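> Chain residues, written in single-letter form:
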Amino acid sequence: MTILLQTKGLSKRFGGLTALNNINLELESCVILGLIGPNGAGKTTLFNCLTGVYPIDGGDIIFENRSIRGLKSHVTTSLGIARTFQNIRLFGSMTALENILVGRHCRMKAGVWGAIAMNRSTLKEEKEAFGKADELLNFVGLKGQGDTLAKNLPYGDQRRLEIARALAVKPSLLLLDEPTAGMNPRETAELTRFIEQIRTELDLSILLIEHDMRVVMGISDRVTVLDYGVKIAEGSPEEVRKNPKVIEAYLGRLGTMMGKRAVTA
Amino acid sequence: MVNTKKIYLPIVVLFLVLLPPMVGNYWTQVLGNIGIYVMLGIGLNVVVGFAGLLDLGYVAFYAIGAYGYALMASPHFGIHIPFWVMLPGCVALAAGGGALLGIPVLRMRGDYLAIVTLGFGEIIHILLNNLDPLTNGPRGLLRIDAPAIGNFVVNSPFRWYYLIFAGIIFSAFVADRLNNSRIGRAWIAMREDQDAAAVMGINILKYKLLAFTIGASFAGIGGAIFAARQGSVFPENFSLMVSINVLCLIIIGGMGSIPGVILGAVILIGLPEILRGVHQYRMLVFGGLLVAMMIFRPTGFIPSARRKMELRE
Ligand SMILES: Nc1ncnc2c1ncn2[C@@H]1O[C@H](COP(=O)(O)OP(=O)(O)OP(=O)(O)O)[C@@H](O)[C@H]1O
Ligand SMILES: [Mg+2]
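Protein chains in written order, with this note's numbering: chain A, 861 to 1125; chain B, 21 to 333.
Excised from the complex, chain A in its bound form (with noise of 0.2 Å):
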């Protein structure tokens, strides 16, 4: 299996706070990654370090055998990283539709004269990208609410559509951050199953952030654990789940915290 995204002791810091510590990762094509820890681990971070959001402090990011190190968001999602975001961040008073062709702008060509022109090559391009949104539409399951506002939009679905714009960057590797954040379990079941369809039907890796044990473990082909921006484990859901570090982790922070009820009461 070729490696697609490889961190070598990325480092991030907010002034005195390490979010990431000298985190070593290897994501191979076609593979789902889950991505847990505790509240501020630093899972988001290491999110937004991929992605160009926030510049690193130290380390290297290697994808598709190239380092991107340094590299503005749209250029790293022109490479063929796409995410989406744990508090949706849809342009609200956009179409569905619409929000879906932004996704696809990296790939497409039309410069201002074409836009004022409408030649034939930018119609072809418009044509072709609208076809491509709306099959990604009926894809995600919100066939017929192209021309929906996405802020008019119930929360699952803007959570679908979320995950439409992302893929329609063509990406090869698809960055979840709690997907099933605020559904209900029949949605996170939908949801869970539906990832792992994208996984299959569009041959491209996830790496995916859940607080839900239960999704995370059914479809993670591998599981990597962050506490305090270290990688504490890492292994097949089987063994991460019998980690007792990760035990600690969860549970640790879990009796410290019912340690303090106890003295508050």
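Incorrect hints may appear among the rest.
[Unchecked claim] Here are the in silico distance ranges between beta carbons for each label pair:
| hint | chain 1 | residue 1 | chain 2 | residue 2 | range |
| --- | --- | --- | --- | --- | --- |
| 1 | B | L291 | A | E988 | 42 to 50 Å |
| 2 | A | F1054 | B | I315 | 42 to 50 Å |
| 3 | B | K226 | A | N979 | 34 to 42 Å |
| 4 | A | D917 | B | L260 | 51 to 59 Å |
| 5 | B | L309 | A | E1061 | 38 to 46 Å |
No wet-lab data here; the hints were simulated from the structure.
All figures in this text were calculated on a predicted structure; none of them were measured in a lab.
Note that the Cβ used here is the ideal one computed from N, Cα and C, for glycine as well.
The hints should help you fit chain B with the ligands onto chain A, whose structure is shown.
For chain B with the ligands alone, kept in the frame of chain A given last:
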């Protein structure tokens, strides 16, 4: 949506073509004034409405267009380049000005951007007043050539009306095409959430610069027309009030919407003329109307609705 547009657009255009003979010289003149503001509104709308960049110095590009033509078509330097040749030149000059302003403010947002653009507008105003050898200072530039096609000189309110009308049709067409393209979608995404837009693959610096440059181009046309129509230009024609008025008409009409811009200009520039009847209370009534309007219709008269995205062949 597309179909209703096909019906009402020709009716509106026909009505506007037939309007001048019905209203006479004076009101045709007023309509011309409104028309120039419509053009400025269409241009600033690209920057503020589409791309979401608050530009308070838009008058600078209007001035660049106007002085660009005035200098090249008046006895001041004794140069007399025809209007139709200078028009693209004025567009290029204004676009250059837009880029010049755009580059230093690329990394700024919101309030900071507003302040710097405000300063830029004032700088141009001050330069017009003080660069005597070039601009003739407060005395302005006089006897500017009128546009002509052969022996047909554009020199009456009626003729100007139709020239401005053509300019508006052209500007609205260009702005509409941009709005409904890859470029326009990038601008609107950037306006909605700049960081998310960047992560979705939009080169923010490029699209900001593009918005400033293209927005300014429209003001270049407006400026050249203004100079040729008035036959003279003075620094006080290009005060902060122009920027404010253009911004106001966009807000009144409905941010991001081209029909909104047109209606906004009619209200903001036309209403004070209509209100001449109430003499000294004119500006008071006018101000009151604006306040009431913003309370009862904060999104403007014709807010932009992202229209149905049907495949257009
Ligand atoms: N822009 C920032 N400036 C300062 N500190 C930040 C910034 N972004 C994140 N942090 C800090 O970095 C740490 C890691 O945050 P991060 O958002 O990556 O956690 P997370 O693992 O995604 O947690 P959650 O499960 O709550 O989403 C936290 O302590 C957070 O407060
Ligand atoms: Mg997070």
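> Hints first: check each against the structure and report whether it holds.
Now the hints, each set against the structure:
1. L291/B - E988/A: 42 to 50 Å: Given a distance of about 47 Å, which is inside 42 to 50 Å, the answer is holds.
2. F1054/A - I315/B: 42 to 50 Å: holds, 46 Å
3. K226/B - N979/A: 34 to 42 Å: For N979/A against K226/B, whose Cβ atoms are near 21 Å apart, the range 34 to 42 Å is violated.
4. D917/A - L260/B: 51 to 59 Å: violated, 45 Å
5. L309/B - E1061/A: 38 to 46 Å: Violated, since L309/B and E1061/A (Cβ atoms, about 58 Å apart) do not stay within the stated range.
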